[in-house]
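There are 4 protein chains.
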Amino acid sequence: MPDARASSPTSSVEHMIPRDVSTPQNFNNVPHSKETFHHVPEPEMMFIEQNGWFRIRQKIREPAAEFAGVMLLVIFGCGVNCQVNLSSNTGVSATPKGDYTSVCFGWAAGIALAVWVSAGISGGHINPAVTLSLAVFRGFPWRKVPVFIFAQLLGGIVGAAIVYANYFHAIDIVEGGRGVRTLATAGNFGTFAAGFETNVSAFFSEFLITAILLIVILAATDKRNSPPPYGLLPLVLFILLLGISASLGIDTGFGANPARDLGPRILTSMVGYGSQVYTFRNQYWIWCPILAPILGGLTGTMLYDTLIFIGEESLVNRVGSTYPVLLEGRHDDIV
Amino acid sequence: MPDARASSPTSSVEHMIPRDVSTPQNFNNVPHSKETFHHVPEPEMMFIEQNGWFRIRQKIREPAAEFAGVMLLVIFGCGVNCQVNLSSNTGVSATPKGDYTSVCFGWAAGIALAVWVSAGISGGHINPAVTLSLAVFRGFPWRKVPVFIFAQLLGGIVGAAIVYANYFHAIDIVEGGRGVRTLATAGNFGTFAAGFETNVSAFFSEFLITAILLIVILAATDKRNSPPPYGLLPLVLFILLLGISASLGIDTGFGANPARDLGPRILTSMVGYGSQVYTFRNQYWIWCPILAPILGGLTGTMLYDTLIFIGEESLVNRVGSTYPVLLEGRHDDIV
Amino acid sequence: MPDARASSPTSSVEHMIPRDVSTPQNFNNVPHSKETFHHVPEPEMMFIEQNGWFRIRQKIREPAAEFAGVMLLVIFGCGVNCQVNLSSNTGVSATPKGDYTSVCFGWAAGIALAVWVSAGISGGHINPAVTLSLAVFRGFPWRKVPVFIFAQLLGGIVGAAIVYANYFHAIDIVEGGRGVRTLATAGNFGTFAAGFETNVSAFFSEFLITAILLIVILAATDKRNSPPPYGLLPLVLFILLLGISASLGIDTGFGANPARDLGPRILTSMVGYGSQVYTFRNQYWIWCPILAPILGGLTGTMLYDTLIFIGEESLVNRVGSTYPVLLEGRHDDIV
Amino acid sequence: MPDARASSPTSSVEHMIPRDVSTPQNFNNVPHSKETFHHVPEPEMMFIEQNGWFRIRQKIREPAAEFAGVMLLVIFGCGVNCQVNLSSNTGVSATPKGDYTSVCFGWAAGIALAVWVSAGISGGHINPAVTLSLAVFRGFPWRKVPVFIFAQLLGGIVGAAIVYANYFHAIDIVEGGRGVRTLATAGNFGTFAAGFETNVSAFFSEFLITAILLIVILAATDKRNSPPPYGLLPLVLFILLLGISASLGIDTGFGANPARDLGPRILTSMVGYGSQVYTFRNQYWIWCPILAPILGGLTGTMLYDTLIFIGEESLVNRVGSTYPVLLEGRHDDIV
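Protein chains in written order, with full-length UniProt numbering: chain A, 1 to 335; chain B, 1 to 335; chain C, 1 to 335; chain D, 1 to 335.
None of these hints come from the bench; they were simulated from the model. Be a bit skeptical, because a hint or two may be false.
All copies of an identical chain are treated as equivalent in the list; a pair is satisfied when it fits inside any one copy or across any two copies.
As the list claims (entries may be wrong) - Heads up, simulated SDA-like pairs for lysine to any residue below, C-alpha to C-alpha not over 25 Å straight-line: (1) K223 - L298; (2) K59 - I294; (3) K59 - I310; (4) K223 - G187; (5) K223 - R57; (6) K59 - R181; (7) K59 - N199; (8) K59 - L307; (9) K223 - M302; (10) K223 - R55; (11) K223 - T198; (12) K223 - Q58.
Next comes chain A alone, as it looks inside the complex:
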């Protein structure tokens, strides 16, 4: 099948799109999609004309998917932080609208939906630590890395802006005055380590969480392990973030994603929280929620590829120098 793609012009979506003459106009099209995955390329494929926008979109689809993914993750994640923490103030709500358990489910839903929206387009990284780990160990094209990370960061900022706009009045009530902004509510956006925690422990916690994140992601997408059926990876991530937030969340608020932390942090600094979000604990924002996840992600990937993964696409398993080239080509085929 890949050969077919390689040997015919139909292989490059840059130049055509498949016309499936049976696409229904309701959710019934999902089974057809299943079929698509089973015998690709489908027989009824044929060239069709395209309107002008189509060519433009082909160039921005991947970053757009990463942007949308992180934006959704942050809308649900920072959203549930705001809903639970702000609604515990009786000025906002007579009764609390959630507790720590709903915080876990809000983040779990956020990552699952983020990946459902982006996985088929960009691979659903929605996390610079994932993008970098795949680039270093799995031959993800380096030329795409900056674009992906920029899109992810932008998604974090926009997502946080949407949440901030949605909870603006409630934040005023909790802060006790229009425009008053302190770390009390900033913690709903960026992450800030728990008071009792040492810097070393905070770093260790973020490092650990992201290493686990990558090990699980790589296992759940390893065709030689026991991955879920295509389209259900988000379910694994739902359970993963549910577990991480419930089990390893009190030290640092489980950032584990530089874009998810820096994006909202930048937004807060712009809307009136000021420089305190950066100066906290001597530039905590750099060394803990950014460096620790990246190092943790690389370590987790190295562990999985060294001990378990046998796919030749891993750096650990490479033989011969022609590989990376092949890789590029293949990757573009898919995208």
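Using the hints provided, position chains B, C and D relative to the given structure of chain A.
Showing chains B, C and D alone in chain A's frame:
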């Protein structure tokens, strides 16, 4: 396969139904159903006689499915609102029978089950905002729109009536007297914005939630993205509503569905709550839970189709005028 | 494929079992199972000898599966009732080990696991209301009905006995003395309507819940609707019971299953609770948790088959009298 | 397919690995994996060179997977115990970061992720009781048993060490001083029966839980029952542990896994809790969390194989003595 359907009389369920000579009488028939989806039309198809009712049902199945879907959504959703809020009154229950977290799960279960009951019959819109978005952008037949929306609204009214009948005595206890009805318990049926919230913010919140709803639905049914296996779309919606209610629920009570809000609101106005459910905040019921979701849904659909979707069935990707006709035909094939 | 089965001796598991020479000794055998379902009968089938027990088991497998299913449902369901209610007593546990939300999840897990254990063997009815509805409307063989219901009831009694044995000491502590047994703890086993509820409302509630139960089960197993992939029906039931317990649980404790209610009730009457479990509200145990679910189940089935289901196996769609015979035969093929 | 494997050198991964020339570099590779399961062996298979490490890894992959599995289970499980119990101390957190419900979800997530990481490599036992039951009844190779159990125990110790390192400072705060260690916090790692519970009841509880565990695992992997699609077994285990912890958790803290209990217990005895973790209730650690699960697992397996399972790989169904040999061979093919 679609060609086969198009070129043979077997393509129209109006005139025959498939006889599967191996249909067992227990849940074992599910794998056969899977097979059905893999090679359609199945070899053992043959004409069989029909009884008279069959022809009638063919005409009402789709609206019936939309009716049943919204009815179930409202039974579970307004049901959990009632159970949690009413049971917090010691006259009703010694201990509360749930908290805000169970409210999230009740609504999540409601939408998932509603779609499981209707997706294969009518496409499982169960939301006028979804129906309108698909009609505007994806060529869903306009002639079906009024029927669908009417069935959805009716489902909302009947579902609310069932919940009201089920919690009648508990409402009396909480309201403090037989037949006493105030907004205190009306909020378990229709939605009413939080006190601190401005009209603009309430509108924005409903707009945002429905835009996200459509983006996720379109991604989870986009065969060129990473949709779940056929029959598991409800799982995505379960996680989606779990996240929306946990993360974006305190401003407006996450209506995001004109039928889910107006149906129960009409019921309450009929059973004794009177006109207050309409006069609240200058006709809040029109501009917030009806207009905002419709505009949000259209916006979400436009964003997804513009940035990510490459299927030609989208308005954004249309080339040539013959398309809509083809579309109609296909749609009828499936239904 | 069904023809193949019908025309060859391999069709009856009474006389042989498939030898799959590749069965591994770990969970890896699941993918093979998937394959099995895709092309049945599998090529590598061949006759093998059987030991004596095999023939005996063939006769008891179905009731054994129904027995195990209801037993598991009751162990998890009555178990979570006991854990949550008994652990709220500080003599049993310093802190409560769960709340109403965990009660919902305990029951949801119970029904899901019960069906995973029995669906492939007996169809996973685990509920007399389901068995009767399938017998009346879907041609489930009447000669199997008494055996199924007896096995289900026995499973309920044994499951309750196991839970009672597990929580014996905790019950003593809560009741305030060894062997003291009152309705205060009996409610953890059988169901008893809420105090404020009238008999009519209690009956309506049980009727409603079971009607919804059947509608969802029939939709989720209707190959012409959008059922989940084979082996994931329990996931639908997990979400269904989660929703029912969260949304419609305060009136009657969501029995919706005569075996789940009568079995534990009989057990309680045997271990010291005495006749009060029967005399409560003039034989409540008969007219509410037994009659209402059966009538509700039949009504739900009638509604689904009349409005949506087009399969000829339904009474509503039958044409010609030879059908029931065929049916029997087929059913035995599968089992 | 197994024959193909058996008759060609491609059958042994010891000597080659499949090159799938279409492996993309993002999550899109999951559908290809699905394909792999559908038509194995895949056409594009060909020999490729290997680097030196590959041969070494082939020997350690299985124990490495079991090690990683139990490590993850303990990180999430003991992690959530620590987060919930320690954060209830205001010195650690202003508000509790979870309740008993999150404890249930933490353990459920732990077992699901543990199996996703290991199922495709080692079979995902992650529990000595499972390994022993499969060895006794299902012909799992005895020569692998010691290696598996050792890897599982080591995983338990390392996992507990990671959790201990992560919560070190919080434990100091709760214990009221640096290095003070009592059973008050030891219970977050090893299990200790509830105060009111007799030894017999504690033993019964562990025995019961593990018997249910095995019955569900065997049913959910029985291709002749209704197992979930390949790659979704962890979902069954998620629901199973959610149910066990919610319904049967107050007596003994649902150990049900000798490695999960002894590993963390050993770690605690090493880091300062001393011998009290062993001397509690006359060597409770041996007879309750080790012996009871093993006996329970064997009993559950015996019940399932006797009453329901018809696969010849079970001891109960064996005919002829050549079987165990065949078995070994097959197993090695797969691994």
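Hint by hint, here is what the structure shows:
| no. | hint | verdict |
| --- | --- | --- |
| 1 | K223 - L298 | within (20 Å within a copy, 32 Å between copies) |
| 2 | K59 - I294 | neither (27 Å within a copy, 30 Å between copies) |
| 3 | K59 - I310 | between (33 Å within a copy, 12 Å between copies) |
| 4 | K223 - G187 | neither (39 Å within a copy, 38 Å between copies) |
| 5 | K223 - R57 | between (30 Å within a copy, 17 Å between copies) |
| 6 | K59 - R181 | neither (40 Å within a copy, 58 Å between copies) |
| 7 | K59 - N199 | neither (42 Å within a copy, 39 Å between copies) |
| 8 | K59 - L307 | between (37 Å within a copy, 10 Å between copies) |
| 9 | K223 - M302 | within (18 Å within a copy, 33 Å between copies) |
| 10 | K223 - R55 | between (33 Å within a copy, 20 Å between copies) |
| 11 | K223 - T198 | neither (40 Å within a copy, 48 Å between copies) |
| 12 | K223 - Q58 | between (28 Å within a copy, 17 Å between copies) |
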